[in-house]
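There are 2 protein chains.
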Amino acid sequence: MLPGVGVFGTGSTARVLVPLLRGEGFEVRALWGRSEEEARSLAQELGIPFHTSQSDDVLLHPDVDLVCIYISPPLTRQIAVKALGIGKNVVCEKAATAVDAFKMVTAARYYPQLLSIVGNALRFLPAFVAMRQLLAEGYVGELQVCDARVYGPSLLDQSYGWTCEELMGGGGLHTVGSTLVDLLSHLTGARAIRVHGLLRTFVRQNGAIRGIRRVTSDDFCFFQMLMGGSGSGRGTGSGVCCTVTLNFNMPGAFVHEVMVVGSAGRLIARGTELYGQRNGGNREELLLGDSGGTGQEVKDVPLPHLRGLGSMVKALKDAFQAQEERRSWARGPVAMASTFEDGLYVQTVVEAVKRSSHSGEWESVEVMTQEPDPNQNL
Amino acid sequence: MLPGVGVFGTGSTARVLVPLLRGEGFEVRALWGRSEEEARSLAQELGIPFHTSQSDDVLLHPDVDLVCIYISPPLTRQIAVKALGIGKNVVCEKAATAVDAFKMVTAARYYPQLLSIVGNALRFLPAFVAMRQLLAEGYVGELQVCDARVYGPSLLDQSYGWTCEELMGGGGLHTVGSTLVDLLSHLTGARAIRVHGLLRTFVRQNGAIRGIRRVTSDDFCFFQMLMGGSGSGRGTGSGVCCTVTLNFNMPGAFVHEVMVVGSAGRLIARGTELYGQRNGGNREELLLGDSGGTGQEVKDVPLPHLRGLGSMVKALKDAFQAQEERRSWARGPVAMASTFEDGLYVQTVVEAVKRSSHSGEWESVEVMTQEPDPNQNL
Numbered sequence: 001m002l003p004g005v006g007v008f009g010t011g012s013t014a015r016v017l018v019p020l021l022r023g024e025g026f027e028v029r030a031l032w033g034r035s036e037e038e039a040r041s042l043a044q045e046l047g048i049p050f051h052t053s054q055s056d057d058v059l060l061h062p063d064v065d066l067v068c069i070y071i072s073p074p075l076t077r078q079i080a081v082k083a084l085g086i087g088k089n090v091v092c093e094k095a096a097t098a099v100d101a102f103k104m105v106t107a108a109r110y111y112p113q114l115l116s117i118v119g120n121a122l123r124f125l126p127a128f129v130a131m132r133q134l135l136a137e138g139y140v141g142e143l144q145v146c147d148a149r150v151y152g153p154s155l156l157d158q159s160y161g162w163t164c165e166e167l168m169g170g171g172g173l174h175t176v177g178s179t180l181v182d183l184l185s186h187l188t189g190a191r192a193i194r195v196h197g198l199l200r201t202f203v204r205q206n207g208a209i210r211g212i213r214r215v216t217s218d219d220f221c222f223f224q225m226l227m228g229g230s231g232s233g234r235g236t237g238s239g240v241c242c243t244v245t246l247n248f249n250m251p252g253a254f255v256h257e258v259m260v261v262g263s264a265g266r267l268i269a270r271g272t273e274l275y276g277q278r279n280g281g282n283r284e285e286l287l288l289g290d291s292g293g294t295g296q297e298v299k300d301v302p303l304p305h306l307r308g309l310g311s312m313v314k315a316l317k318d319a320f321q322a323q324e325e326r327r328s329w330a331r332g333p334v335a336m337a338s339t340f341e342d343g344l345y346v347q348t349v350v351e352a353v354k355r356s357s358h359s360g361e362w363e364s365v366e367v368m369t370q371e372p373d374p375n376q377n378l
Numbered sequence: 001m002l003p004g005v006g007v008f009g010t011g012s013t014a015r016v017l018v019p020l021l022r023g024e025g026f027e028v029r030a031l032w033g034r035s036e037e038e039a040r041s042l043a044q045e046l047g048i049p050f051h052t053s054q055s056d057d058v059l060l061h062p063d064v065d066l067v068c069i070y071i072s073p074p075l076t077r078q079i080a081v082k083a084l085g086i087g088k089n090v091v092c093e094k095a096a097t098a099v100d101a102f103k104m105v106t107a108a109r110y111y112p113q114l115l116s117i118v119g120n121a122l123r124f125l126p127a128f129v130a131m132r133q134l135l136a137e138g139y140v141g142e143l144q145v146c147d148a149r150v151y152g153p154s155l156l157d158q159s160y161g162w163t164c165e166e167l168m169g170g171g172g173l174h175t176v177g178s179t180l181v182d183l184l185s186h187l188t189g190a191r192a193i194r195v196h197g198l199l200r201t202f203v204r205q206n207g208a209i210r211g212i213r214r215v216t217s218d219d220f221c222f223f224q225m226l227m228g229g230s231g232s233g234r235g236t237g238s239g240v241c242c243t244v245t246l247n248f249n250m251p252g253a254f255v256h257e258v259m260v261v262g263s264a265g266r267l268i269a270r271g272t273e274l275y276g277q278r279n280g281g282n283r284e285e286l287l288l289g290d291s292g293g294t295g296q297e298v299k300d301v302p303l304p305h306l307r308g309l310g311s312m313v314k315a316l317k318d319a320f321q322a323q324e325e326r327r328s329w330a331r332g333p334v335a336m337a338s339t340f341e342d343g344l345y346v347q348t349v350v351e352a353v354k355r356s357s358h359s360g361e362w363e364s365v366e367v368m369t370q371e372p373d374p375n376q377n378l
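Just so you know, the protein sequences line up as chains A and B, in that order.
FYI, the UniProt record's numbering numbers position 319 of the first sequence as 319, with every residue one higher than the one before it.
FYI, the UniProt record's numbering numbers position 87 of the second sequence as 87, with every residue one higher than the one before it.
These are computed hints drawn from the structure, not numbers from a lab.
There's no promise every hint is true.
[To be verified] Residues of chain B clear of chain A, computed beta-carbon distances all greater than 12 Å: (1) I48; (2) P74; (3) Y151; (4) I209; (5) V261; (6) K314; (7) A315; (8) D373.
[Unchecked claim] Output of the computed footprint for chain A on chain B, the stretches with three or more beta carbons under 8 Å from beta carbons of chain A: (9) 4-17; (10) 56-66; (11) 218-225; (12) 244-255.
[Unchecked claim] Ranges between beta-carbon positions, derived for each pair: (13) B:E371 <-> A:D157: 56 to 66 Å; (14) B:E371 <-> A:R214: 42 to 52 Å; (15) A:I193 <-> B:E366: 30 to 40 Å; (16) B:R327 <-> A:P153: 52 to 62 Å; (17) B:G161 <-> A:G239: 48 to 58 Å; (18) A:Q133 <-> B:D373: 34 to 44 Å.
Keep in mind it's a predicted model, so treat the numbers as computed, not measured.
Note that the Cβ used here is the ideal one computed from N, Cα and C, for glycine as well.
I would like the entire structure built from these sequences, with the hints used as guidance.
Laid out in structure tokens, this is it:
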């Protein structure tokens with residue numbers, strides 16, 4: 001039985017998520033927006049019966065059993081943790097800091113019977129599902145190098161807000177880089193042990209952000225990860241070098257490319273399509289085309305994320321639909337999802353890359369095992 | 001009047017160079033090979049009237065006024081310096097070390113009336129000539145980021161030799177990375193002040209290299225350059241970040257891509273073609289197609305190098321042909337060539353990247369101004 005859904009957020013992802021959920025048979029019962037006006041406007045547009053700017057109104061809504069949180073990073077932790085405490089299943093975006101991510105992990109551990117996933121849709125994109133499968137089957141031989149690049153137009157909102165602020169989770173590294181950190185760990189079955197990075201903010205002001213306000217979030221980012229011990233138990237990726245290049249000063253472009261190179265061949269996901277070449281082969285072959293699938297290309301939601309989101313919503317349906325209880329779910333269909341533990345790892349890598357950009361040195365990735373004492377400075 | 005040419009080397013570059021020289025009207029008078037047999041074999045194949053394995057036989061040959069040196073890096077310095085001392089014009093490949101490059105600079109300064117250029121053919125490739133021109137005209141606005149990538153099959157020779165040895169100038173960084181270091185400095189008008197890099201040798205042994213022998217040269221390399229003060233006086237590139245990714249574990253592939261991104265647009269050279277997009281434009285435009293031009297695609301000589309070599313030989317013809325003396329030349333046509341001073345800068349960057357890969361830290365690029373005391377260890 002499919003649970004009723006409450007959606008947090010009125011941005012572009014929330015806007016595409018609602019029709020995807022409905023397409024799979026979910027009922028979207030409630031919408032939360034930062035302001036009453038934003039909530040009302042999108043609820044009317046999408047025909048959602050209830051809207052509010054009070055988070056409790058959604059969390060305590062009797063018809064809401066699954067909460068999807070697609071809001072600014074600094075608000076995510078609070079709502080996700082509260083939702084779990086109230087007994088609701090949670091799909092959410094990343095948090096703003098490792099400390100927030102740690103608090104989310106603590107909550108998820110406390111309620112293991114509830115679904116708690118970080119909605120990195122790339123893991124569900126069929127091209128990456130196939131890439132992971134082929135890696136496990138040895139298509140590329142011994143994995144050596146992963147190289148990911150995303151180029152696109154500015155990530156800044158029209159008006160000044162969290163997207164402009166590094167400390168609020170804005171910037172290419174936090175917004176897009178984190179999805180790649182998660183994906184590369186998922187693909188290789190390994191985790192970064194050391195990272196080196198360089199962040200830049202080339203565009204500090206623009207037509208909308210001026211005066212005393214300046215953008216502090218990165219629009220160019222470049223980092224390397226040396227992968228070590230296993231993250232998921234497969235561990236084929238130990239010793240692999242990953243390089244990631246992000247550039248969001250490219251209006252009109254959208255490039256999303258992930259390449260894995262090994263001793264026997266290589267696999268390349270370009271956008272939503274997967275290509276491969278074995279060392280003996282005389283040309284690259286298309287291994288998986290774009291299926292079209294659910295959803296149209298939407299402004300501000302790149303196609304790989306949109307398609308991935310569609311597949312993730314399908315997986316959610318599969319997880320819930322055979323259950324008798326509205327809040328019960330099967331683990332199998334969402335086993336490949338990013339857990340809150342993965343979210344903490346990703347946030348730790350993001351912060352290590354930022355540290356490296358300041359220090360100029362390789363920084364170790366050490367995942368928090370205990371919450372830092374909030375009174376440590378007293 | 002075109003000078004007679006002596007060619008050093010029997011490798012793939014020497015093999016394509018000879019017909020290119022003849023195509024422009026140069027007479028190739030003499031060929032040097034490492035062994036008598038190698039020299040005889042290629043001289044017969046190409047119909048060169050004189051061959052030898054004694055370098056003096058070419059350098060002192062009365063009909064040779066221009067010497068083209070395309071041999072293993074450790075031998076380059078000795079022959080280039082000697083050729084200048086004998087009064088011959090020199091086009092050569094890079095040296096093996098910064099100390100060697102410094103000795104070549106000293107010789108070039110001592111004989112300023114002789115031509116002395118490092119034959120980095122990429123500078124002459126029409127796509128890069130046009131890219132440099134467009135950068136100067138402000139096509140991309142304020143330059144922010146350069147991103148170069150070269151992927152291809154193994155650079156190792158069939159048998160064990162200098163290509164396998166890091167200290168002899170083998171490896172992707174030294175062989176290919178150096179041409180990009182030179183090109184990026186030429187394009188931006190700036191020089192690297194700090195670099196960070198990572199080198200890997202994934203393939204340490206193969207069918208031909210086995211037993212106790214191991215490859216020490218890199219087959220994967222990844223480095224960043226922060227550009228500072230002007231190298232050529234134009235200085236538009238100060239503050240620019242350059243990233244370079246080299247991967248030579250990709251049999252069957254050849255990718256050669258150089259992208260420059262600025263505040264107003266971007267330019268991308270893919271292989272021998274130049275594309276551009278201004279920020280307002282709704283799609284990428286082809287700015288310069290591949291002209292076909294001289295030479296066919298040849299094994300082991302990537303098309304951008306082959307086409308660039310063709311353009312460089314044309315420039316050499318233009319430099320020499322209007323002169324009455326066989327050894328005189330006009331500076332204009334070869335003004336864009338890489339000088340021995342540029343060669344020293346490039347070698348300095350290459351060594352700084354290697355240091356960085358060992359230290360894990362950003363390393364400064366400090367170009368030698370004095371030859372290190374050879375007795376410093378006594």
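Hints and how they fare:
In this structure I48 (chain B) is separated from chain A by more than 12 Å, as the shortest Cβ-Cβ distance comes to about 34 Å. For P74 (chain B), the condition that its CB be more than 12 Å from all CB atoms of chain A holds, with the nearest at approximately 28 Å. Its beta-carbon lying about 8 Å from the closest one in chain A, Y151 (chain B) breaks the requirement of being farther than 12 Å from that chain. With a closest Cβ-Cβ approach of about 15 Å to chain A, I209 (chain B) is found to remain outside the 12 Å limit, as its non-interface label requires.
The Cβ of V261 (chain B) does not lie farther than 12 Å from every Cβ of chain A; its closest approach is about 6 Å, which violates its non-interface assignment. With a cut of 12 Å on Cβ distances, K314 (chain B) stays outside the contact zone with chain A, its closest approach being about 33 Å. Every beta carbon of chain A lies more than 12 Å from that of A315 (chain B), the smallest distance being close to 34 Å; the non-interface claim holds. With a minimum CB-CB distance of about 31 Å to chain A, D373 (chain B) clears the 12 Å threshold, and the non-interface call stands.
Look at the region 4-17 of chain B against chain A: 0 of its residues bring a Cβ nearer than 8 Å to a Cβ of that chain, fewer than three, so the hint is violated. Under a criterion of three residues with beta carbons nearer than 8 Å to beta carbons of chain A, the stated coverage of the region 56-66 of chain B fails, only 0 such residues being counted. For the region 218-225 of chain B, the assignment as covered by chain A holds, since 3 residues bring a beta-carbon within under 8 Å of that chain's beta-carbons and 3 suffice. Taking a C-beta to C-beta cut-off of 8 Å, the region 244-255 of chain B contributes 7 residues in contact with chain A, enough for the three needed, and the coverage statement holds.
Distance hint check: the CB atoms of E371 (chain B) and D157 (chain A) are about 57 Å apart, consistent with the given range 56 to 66 Å. For E371 (chain B) and R214 (chain A), the hinted distance range of 42 to 52 Å is satisfied, since their beta carbons lie about 48 Å from each other. Here the CB-CB span from I193 (chain A) to E366 (chain B) is close to 32 Å, well matched to the stated 30 to 40 Å. One distance hint, 52 to 62 Å for the beta-carbon pair R327 (chain B) and P153 (chain A), holds here, with the actual separation near 55 Å.
Separated by about 28 Å at the C-beta atoms, G161 (chain B) and G239 (chain A) break the suggested range of 48 to 58 Å. In this structure the supplied range 34 to 44 Å is violated for Q133 (chain A) paired with D373 (chain B), their Cβ-Cβ distance being about 60 Å.
The earlier numbered hints that this structure contradicts are 3, 5, 9, 10, 17, 18.
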